[in-house]
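Going down the list, the sequences are from chains A and B.
When you line the first sequence up against the working numbering, it's residues 320 to 817, in that order.
When you line the second sequence up against the working numbering, it's residues 296 to 393, in that order.
Accuracy of the hints is not assured; some may be wrong.
As the list claims (entries may be wrong) - Just so you have them, the derived chain B footprint on chain A, three or more residues with Cβ under 8 Å:
#1 340-348
#2 356-363
#3 381-393
#4 396-410
#5 612-619
Calculated directly from the structure, the hints in this document are not laboratory data.
We treat Cβ as the ideally placed atom computed from N, Cα and C, and that holds for glycine.
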Amino acid sequence: MSLNYEQAVEKYEPTLGLEVHVELNTKSKMFCGCATEFGAQPNTQTCPVCLGLPGSLPVVNKKAIESTILIGLALNCTIAPYSRFARKNYFYPDMPKNFQTSQYDEPICVNGYLDVEIETDDGSKSFRVEIERVHMEEDTGKSLHVGGSTGRIHGADYSLLDYNRAGIPLVEIVTRIIPNTGKYAPQVARAYVASLRDILRGLKVSDVKMEQGSLRCDVNLSLSEINSGKLGTRSETKNVNSLRSVERAVNGEFIRQANRLTSGERIIQETRHFLEESGQTRPGRSKEQAEDYRYFPEPDLVPVIPDNKWIEELRKTLPEKPSDRRKRLQQAWSVPDKEMSAIVNAELLDTVEETVLLGADPTKARSWWLGEISRIANDRSVFPTELISVKDVYQIITLISQGELTDKLARQVVEGVIAGEGSPADVITKRGLKVVSDDSQLMKAIEDAIAAAPETADRVRGGNIPAAGALIGSVMKATGGKADAAKVRELLLKHLGQ
Amino acid sequence: MSAISRDEVANLARLARISMSDAELDHLATEMDVILGAVARVQEVAGKDVPPTSHPLEVSNVVREDQVVPSLTPSEALSGAPASHEQRFKVPQILGEE
Ligand SMILES: [Zn+2]
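Given the sequences, and given the hints that come with them, work out the whole structure.
Here it is in structure tokens:
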């Protein structure tokens, strides 16, 4: 490839659009009472409705409608006074009915927006992402392609289908074209998906676990020469499943299309797949003749006509906007911008807030969760709260502020709790980690230290305060690090008449 | 003028993954044309004031509470499948698609 990203953005401007699919966290499926548990044994969560057996009739899950309306309200959408389901016909074994029940020209929420902020060369800048529609549909089954060399569909000997996921409520959120993103297209795409995820998490309508596929993003991108006024042909990169990948997919596709256009080749309108390792995309099914779904209104379902009372009741349950909440907490905790971003990026805002709500000092809560605990969690590729509970961390922080633990001892307590040695109190007892705060015991250690280094002690008596460092060091060593260094210093200086 | 062409029927067959001989296409195109002609007459009856409908009854918002009911057992679910393997439905390889 000849053009790199910097060269590509000088020559071309992007037209970006994003489609996000989010699996709702309802207990039962969209149109039947089957459970929706992730990771269940294959085909243990199916019934005549989601298997598309003849004579079965779907009935809509009320909670799924309410969750979708909540999403629409949180995204500043208009809730349509009349909406309907349609059949999207296609013949592929991941949908045993031979159609997916979806919404087509009558979606439940329309015309919303979400403002996202990114860092640019000229400081932080806000982009308005307009939402065209939010509609309800159902997820498809999972296929496993067996045989062949690549594990891809083509060349497989046969496919194995698990329909546990078929019929799980899915909400599709479609943006309009996001204008004027220029070279920031990758960051805008990422910031949008991140903000959307925060909103969905706040609404508690989905697990929003990108790595498990409960939130996935399709990236639509086309390029045109700057100021040409023309629209290019777009590609659609499917099922990008992490924030970082969203950013990389836009970047990779930008470079690929720019290079094709520069060398006089045309862009094919097609579906592409994102390659995690290289950050590039590879072609999938060509859409040029494949997309013909023969949509028609679903005759087995009646229209959804949400009245104002229902909508207003739902509106009352909307939580604080994530961006407002972030500002409020940042102010309450007096945290600098950069550190607040670190908390948010580490997805530890909820955790830190819970710890502070129990009564912990915000600065300490932040530094323990983002420091020591995150470090261990990263090493083990787990989320920090999987290692240690908010309550345990709160207790450890409290013990530090009460002078019962030093930071050094507290690290050992954290280590013990993570190792499964019990509660912080258990670990302290078992490992004997209490701070030596008994003055008489400390004084004994101080007198021993002075006796062992009388000349140093004389220098301190003579006013050389920094010389006390060596004596404090010996006291700390003698107490196995269990003394509070500040306390030792205070007692020592007093003892030497300083 | 016919309501549906032979080419359109061929396209539908392709979308539905049904292979059809020329004779079958000719036959079906004629038959479907007759059906569509009959439906077209019904459409003529509806005036501009009659909104298109997808359901014969004037009902809306029929919903169920979000409650789990027992599913089929895997063996029940798979009982109608022509083939299965590892508790999954087994289907022929899918050609020419990714
Ligand atoms: Zn079911």
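Assertion that chain B covers the region 612-619 of chain A - criterion: three or more residues, beta-carbon distance below 8 Å | With 5 residues closer than 8 Å to chain B, the region 612-619 of chain A meets the three-residue bar; holds.
Checking C-beta pairs, does the region 356-363 of chain A have three or more residues closer than 8 Å to chain B?
-> Since 4 is at least three, the answer is holds.
Are three or more residues of the region 396-410 of chain A within 8 Å, CB to CB, of chain B?
-> holds (count 4)
Within the assertion that chain B covers the region 381-393 of chain A, do at least three residues meet a Cβ-to-Cβ distance smaller than 8 Å?
-> With 4 residues in contact (Cβ-Cβ under 8 Å with chain B), the coverage given for the region 381-393 of chain A holds.
Verdict on chain B covering the region 340-348 of chain A, where coverage means 3 or more residues with a C-beta closer than 8 Å = holds (count 3)
Figure legend: structure checked against the earlier numbered hints; every hint is met.
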